[in-house]
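The primary structure of each chain is shown beneath.
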Amino acid sequence: MYVYRVMLLLVFCGYLLSPLLMTGWGQQGSAWYRPFLIWGVLIALTLWLEQKRALDER
Amino acid sequence: MNAEAAAVTLLGLGYLVVLFAVATAVERHWVPAGWSRSPLVGILALGVYANAWALAGSIGVAWQWGYGYLAYSLGAAGSFLLAPVLLVPLQRLARTHQLSSLADLFAFRFRSRWVGTSVTLLSLTAAMPLVAMQAQAMGQAIQHVTAAAPAWLLSLCFCAIITLFAILFGARHTHAHRRYDGLTAAMAVESLIKLAAFLALGAYALYAIFSGPGELEQWLSGPAADLQQAHQLDAAQWRTLLLLFFGSALLMPHMFHISFARPLSRRTLLAAGWGVPLLLLLLALPVPLILWGAQRLGVADSAQTATYAIFALSTSPSVLAIAFIALLAATCGTLILTALALAGMMLNHLALIAHPPVEQPDLYRRLRWLRRALIATVILAGWGFSQAVDASTELTRLGLVSVIGMAQCLPGLLALLYWPGANRKGVMTGLGLGTLVWCLGLWLPLITPLPPLLAPLDLLLSLLGSDSLAPLPDWYQVSLTSLGLNALSLILVSLASSTSPQERAAAEACSVDAVIRHKRLPLSIADGDDAKKRLASALGEDVAEREVNQALASLRLSANDARPYALRRLRERIQANLSGLMGPSIAQDIVDHYLPYRHDGPPAREDIHFVEHRLEAYRSRLTGMARELDELRRHHRHMLARLPVGLCAFGDDDEILMWNDALSELTGIAGEEVIGAHRAALPTPWNTLLGDVLAGQRERVYHHAMTLPQGERYISLLRARLDTEAPADSAGGTVILVEDHSEMKWLENELIHAARLASIGQMSAGVAHEIGNPITGISSLAQNLRYDTSDPHVLETAQQIQVLTERVSRIVGSLVGFAHGGRHVGGNAFTTVSARQLADQALHLLRLSRPDATLAHANRCAPHVEVYGDQQRLLQVLVNLLTNACDACPTTDSIFIDAGQGEEGPWLSVTDAGPGIDPKIRARLFEPFATTKPPGQGTGLGLALVVSIVAEHDGKVEVISPLPGQARGTRIQVWLCSPVVHRSAQDAAPHEPNPDR
Numbered sequence: 001m002y003v004y005r006v007m008l009l010l011v012f013c014g015y016l017l018s019p020l021l022m023t024g025w026g027q028q029g030s031a032w033y034r035p036f037l038i039w040g041v042l043i044a045l046t047l048w049l050e051q052k053r054a055l056d057e058r
Numbered sequence: 001m002n003a004e005a006a007a008v009t010l011l012g013l014g015y016l017v018v019l020f021a022v023a024t025a026v027e028r029h030w031v032p033a034g035w036s037r038s039p040l041v042g043i044l045a046l047g048v049y050a051n052a053w054a055l056a057g058s059i060g061v062a063w064q065w066g067y068g069y070l071a072y073s074l075g076a077a078g079s080f081l082l083a084p085v086l087l088v089p090l091q092r093l094a095r096t097h098q099l100s101s102l103a104d105l106f107a108f109r110f111r112s113r114w115v116g117t118s119v120t121l122l123s124l125t126a127a128m129p130l131v132a133m134q135a136q137a138m139g140q141a142i143q144h145v146t147a148a149a150p151a152w153l154l155s156l157c158f159c160a161i162i163t164l165f166a167i168l169f170g171a172r173h174t175h176a177h178r179r180y181d182g183l184t185a186a187m188a189v190e191s192l193i194k195l196a197a198f199l200a201l202g203a204y205a206l207y208a209i210f211s212g213p214g215e216l217e218q219w220l221s222g223p224a225a226d227l228q229q230a231h232q233l234d235a236a237q238w239r240t241l242l243l244l245f246f247g248s249a250l251l252m253p254h255m256f257h258i259s260f261a262r263p264l265s266r267r268t269l270l271a272a273g274w275g276v277p278l279l280l281l282l283l284a285l286p287v288p289l290i291l292w293g294a295q296r297l298g299v300a301d302s303a304q305t306a307t308y309a310i311f312a313l314s315t316s317p318s319v320l321a322i323a324f325i326a327l328l329a330a331t332c333g334t335l336i337l338t339a340l341a342l343a344g345m346m347l348n349h350l351a352l353i354a355h356p357p358v359e360q361p362d363l364y365r366r367l368r369w370l371r372r373a374l375i376a377t378v379i380l381a382g383w384g385f386s387q388a389v390d391a392s393t394e395l396t397r398l399g400l401v402s403v404i405g406m407a408q409c410l411p412g413l414l415a416l417l418y419w420p421g422a423n424r425k426g427v428m429t430g431l432g433l434g435t436l437v438w439c440l441g442l443w444l445p446l447i448t449p450l451p452p453l454l455a456p457l458d459l460l461l462s463l464l465g466s467d468s469l470a471p472l473p474d475w476y477q478v479s480l481t482s483l484g485l486n487a488l489s490l491i492l493v494s495l496a497s498s499t500s501p502q503e504r505a506a507a508e509a510c511s512v513d514a515v516i517r518h519k520r521l522p523l524s525i526a527d528g529d530d531a532k533k534r535l536a537s538a539l540g541e542d543v544a545e546r547e548v549n550q551a552l553a554s555l556r557l558s559a560n561d562a563r564p565y566a567l568r569r570l571r572e573r574i575q576a577n578l579s580g581l582m583g584p585s586i587a588q589d590i591v592d593h594y595l596p597y598r599h600d601g602p603p604a605r606e607d608i609h610f611v612e613h614r615l616e617a618y619r620s621r622l623t624g625m626a627r628e629l630d631e632l633r634r635h636h637r638h639m640l641a642r643l644p645v646g647l648c649a650f651g652d653d654d655e656i657l658m659w660n661d662a663l664s665e666l667t668g669i670a671g672e673e674v675i676g677a678h679r680a681a682l683p684t685p686w687n688t689l690l691g692d693v694l695a696g697q698r699e700r701v702y703h704h705a706m707t708l709p710q711g712e713r714y715i716s717l718l719r720a721r722l723d724t725e726a727p728a729d730s731a732g733g734t735v736i737l738v739e740d741h742s743e744m745k746w747l748e749n750e751l752i753h754a755a756r757l758a759s760i761g762q763m764s765a766g767v768a769h770e771i772g773n774p775i776t777g778i779s780s781l782a783q784n785l786r787y788d789t790s791d792p793h794v795l796e797t798a799q800q801i802q803v804l805t806e807r808v809s810r811i812v813g814s815l816v817g818f819a820h821g822g823r824h825v826g827g828n829a830f831t832t833v834s835a836r837q838l839a840d841q842a843l844h845l846l847r848l849s850r851p852d853a854t855l856a857h858a859n860r861c862a863p864h865v866e867v868y869g870d871q872q873r874l875l876q877v878l879v880n881l882l883t884n885a886c887d888a889c890p891t892t893d894s895i896f897i898d899a900g901q902g903e904e905g906p907w908l909s910v911t912d913a914g915p916g917i918d919p920k921i922r923a924r925l926f927e928p929f930a931t932t933k934p935p936g937q938g939t940g941l942g943l944a945l946v947v948s949i950v951a952e953h954d955g956k957v958e959v960i961s962p963l964p965g966q967a968r969g970t971r972i973q974v975w976l977c978s979p980v981v982h983r984s985a986q987d988a989a990p991h992e993p994n995p996d997r
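Chains as they are written, first to last, in the working numbering: chain A, 1 to 58; chain B, 1 to 997.
Restraint-style ranges between C-beta atoms, simulated for each label pair: (1) B:His29 <-> A:Leu16: 44 to 50 Å; (2) A:Leu8 <-> B:Asp529: 45 to 51 Å; (3) B:Ile161 <-> A:Val6: 45 to 51 Å; (4) A:Leu16 <-> B:Glu217: 26 to 32 Å; (5) B:Pro317 <-> A:Val6: 49 to 55 Å.
These aren't lab readings, by the way, just hints derived from the structure by calculation.
We treat Cβ as the ideally placed atom computed from N, Cα and C, and that holds for glycine.
Please work from the sequences and hints to get the whole structure.
Written out as C-alpha cells, the structure reads:
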C-alpha cells in the first residue's frame, strides 16, 4: 500500500509540474530530447516500484 | 484503378493477411500459449491506444503547440502508472462479475438498466468521431500515396475486411470473456509494426534529412529558429488535455475492451504500468524528428500539412509504404476493437433490453449472430459518419470531440471505485447534463452547421462578473463546462437523494476501500439440478444445462451439492456468466426471478466462510498491515483447526461455519463436506444432538452415549453464543465444543467397580479372620485327636482334617494378603521372593475366579529363581497376565508360567497358545483402555497396570507374538531385578524407581 501512495504522489506531482515539460521546444541550449529523458526516468522509477511491490507480495 | 491504387490495395490486403495469419496461428495453438499469453504480448496489445492521433495527429499538434503533443501520451501513461489503484480494481470487478464494457460496469454498480443504456448511447455517439478519425486518416493516407482522390469504394472495402476480421476473431464465442488470444496477438503484432515503422520514419528524418543528431542541433539553433513558431499551450489547457487523455486510456470503448473484457492477467496489467508508458514514449519520440524533417524540406507550413508529414518526408515508394503501413496499423486495431466493444454494449443494453431473450430457442446462436450484425452496423455507421463529417475537419478535432465525450463517464467511474455514496440518480443527472453540453458544443457542430451553442453560457458568465470564455478554444470551454456540471450534479444529486439497498450492496462490491459484506441469504433452490430445471424455463433446457454445468465446473461443485454456501456461490457464478452473455441487467433479472433468495429466515449475517475463502485466494496481494492482520487471522484459525478438542461453529441460521480437525476425526465427517451446509444435513445422530444443543434445550451435555463407527462412545458438548455487546461487531452464531469423554467414563466406571471390589476385599478379610479362628481350633482338635488315638482310620481322618484346614488357611491367607496388598507402597515392601511360590499363589488366586480352569501343570518355574520386589504387586502382575492368557486361550491347559535367570536379571513369563496379538492393537498394547475383548469383559487396564508395576521395579516388559517358529501364541516376558544386583545397587545409591524403563 505504501508503494501505491508513492505512485499516487508521483503522478499527482507530475500532473502539477508537467507544464514545465513544454518549455524548450526548439530552443537553443536545451537538448530537444530532455522531456523524453524525464519521462524515461519516471518509467524507470515505476519499474523499480513495481519490482519492489512484486517482492513484497511474494 | 491506377497502379498506385492497386499497390496500396495490395499493401493493405497483405498487411491484413499477416494479421489473419498471426491470429489463426495463435487460435490454432501453432504458437505456444506461454508466448501468446505473456505480459509482453498484453502490453503490446494495449498499444492499440496509439491510433491515428499518435502517428499523424500528434505531428500537427506538435507544429501548433510544441511539446504540447505529449499530452496524448503522458495522459494515458498516467493511467497506466496508476495501474495498481485504477486498472487492477477495475479488472477485478470486470472479471468477477463478467463485465465486458463500461456500460456493463455502470449498470452493475448503479443497478439500473437506464444507466447502462445511457452509457451505451454516449459511447456510441462519442465513438463515431473516433471511427471517423481513423477513416479520414486512412483516406488521406490513400490520397497521399496514390496522389488521387480518396475512393469511397476503397475505404468501404477496407471497412468490410475489418468487419470480417472482427467477426472471425472477436465474435466467435457468445461469452464476452472467453479467451481471444488470436485477436490479442494480432493487436500486439499491429503495435509492433506501427512502432517499428514509426521509429524507422523518425530515423529516416534524423539520418536521411539531417545527416544525424549533430546537424539537427545545428539546424535547430540556426536556420530553424524562425520556423519554430509553436505556441506554448496554456498550463490550464495542458492539464485539461492531460486529464482528458488520462480518462480516455480507460474509458474509450476499445481501451476498456482490450484492458478488461479481454482476459489480460493481473501480472500483465501491473507490468503495463511501466510497459505501456515506455511504448508510448517510443511512439512519441519520432514526432519532433519527423516534424522538423518535414519543416526542413519545407512541406509542413501548417497544422493540416504537418499532420500528414509522414507522407511528405520522401517520394521514395519504400518510405511511403512504411508510412502507409504505420498508419494502417494504427487505425485497424482501433476500428476492430471499437466495433467489438460497441457491438457488445449495444447487444446487452439496447437489443436485449428491447427484446429480452427469455424463452428463445437456440439462444447462443441467436446472440452470436446478433453480435456479428451489430459489429457490421457499428463499422458501417462509423464509415457513414466519416462521410458526413466535413473533409476539412482536423484529425485532432475529431479525436478531441470523441475523448471529451467519453470523459463524461470519468466522474461516474471514479465515484464507482471510490465513492460508495454515489447513486444512479446522481450519475444519470451528471451524465445527462455533461452529455448535453458536449453534444451541443462539439458533436453536433461536426455534422451540422449549428451556431456556437455556448454563447448563452458565456453571456451568463460575463453577467456574473467572471472572465468570458470567448478567447478560449471551444474544446476547452466544453470540457470545463460539461465535466464541471457533470461532477457537480453527480455529487449534489447523490447527496440529496436516497440510495436503494441493492445499489448500496453493488457499491460495496465495486468500491476499492469498502469492506465487502457478503450475506448468508438462503436460496429457494435445492441443488444444481433444481437450478437447471428452473433456468430451463427462461433459457431453454440446453442453455440452462450448459450454463449451470459450466458454473458448477468452475466452482468444482457437484450438481447434488445442497449446501447453502455452495448454492449461493453457484447463483453468483451463474449470474456472472449470464452477465458475460447478455449483460448485467438481463442476468440480474433472470437470477432474481428464477433463482430467488428466500427472506423468511433470520436476518442475514456475514458469510464468514466466503470471506475466508476470498482472503486465502487474494493472500499474495496483501501487503503491510493487511498482511500482518492476515497472518494473525491464519494463526488463530490454525489454532482452532488443530485444537485437540472438537469444535464447530454455526450461524444463526444453523449453517455450519467451522468444523475442525479433531471433530472430523471424531465424527468421521470431513470439514470440507459440511462447512457451508445446514446443520440438518449432518448425518444422524450428530444433526439431532447438535440441533438440541443449538436450540437451547441443553446447554451442556455430559457423557452422552452414542454408537459411532469406532464403537460405543461417550460425548460431552459445551455451547457458547458468539453475540457481543455491540451487535454491529458481531457475526452472531454459536460455537460448540465436542469432547470424547469415553475414556474418562470408562475410568469412572472402573473406579466404581474397584471401590465395590475393595469393599468386598475388606469384607473378605473380615470373613477370613472370622473363619481363621475356628479353622485353627479345628486344626488343633485334629492334632489332639492324633495324639489321643492309635486307630489308623482315625489317624488318617485327623491328618486329612489337618491337610484340609491348612488348605483353608492358605486360601484365607492369600485372600487377606491380596486384599491388603495392591496399593503402591514403594520400595519399603520389597523383599526377595521365590518365583515358583509367586506363580503358585497367582495360580491359586486365578482358580478362585476360574474354578473350571485346568492349570495343574502351568507352573514351570525353576525353584532356585528369586526376584526382588513387592510380593503383592508382583502377584498382581502375574494374575493380570494369567487372566489375559486365559481370556485368549480356549483351553487353559496350554498356559505356562516360566521363570529363569538371564544376563540382565531374573525373568518371569506367561505363555499361551492363543491366536496372538492383533497387529492393529500391538502399537497401543500398553496404553490404558486398549482392549480387543468384547464390551463389558475387559477394561483395557490390565497390561497398563503390569507395565506400571514393572516400571516401579526397574524392570521391563517384552511381548513375543506369535511365538518363535509358530503362527500363534503369545509370550509376555517380565524382566526384573535380581536380589543380589539390587542389594549392591542399594548399597551404592538409594532406591529410585525408573518409570521410563
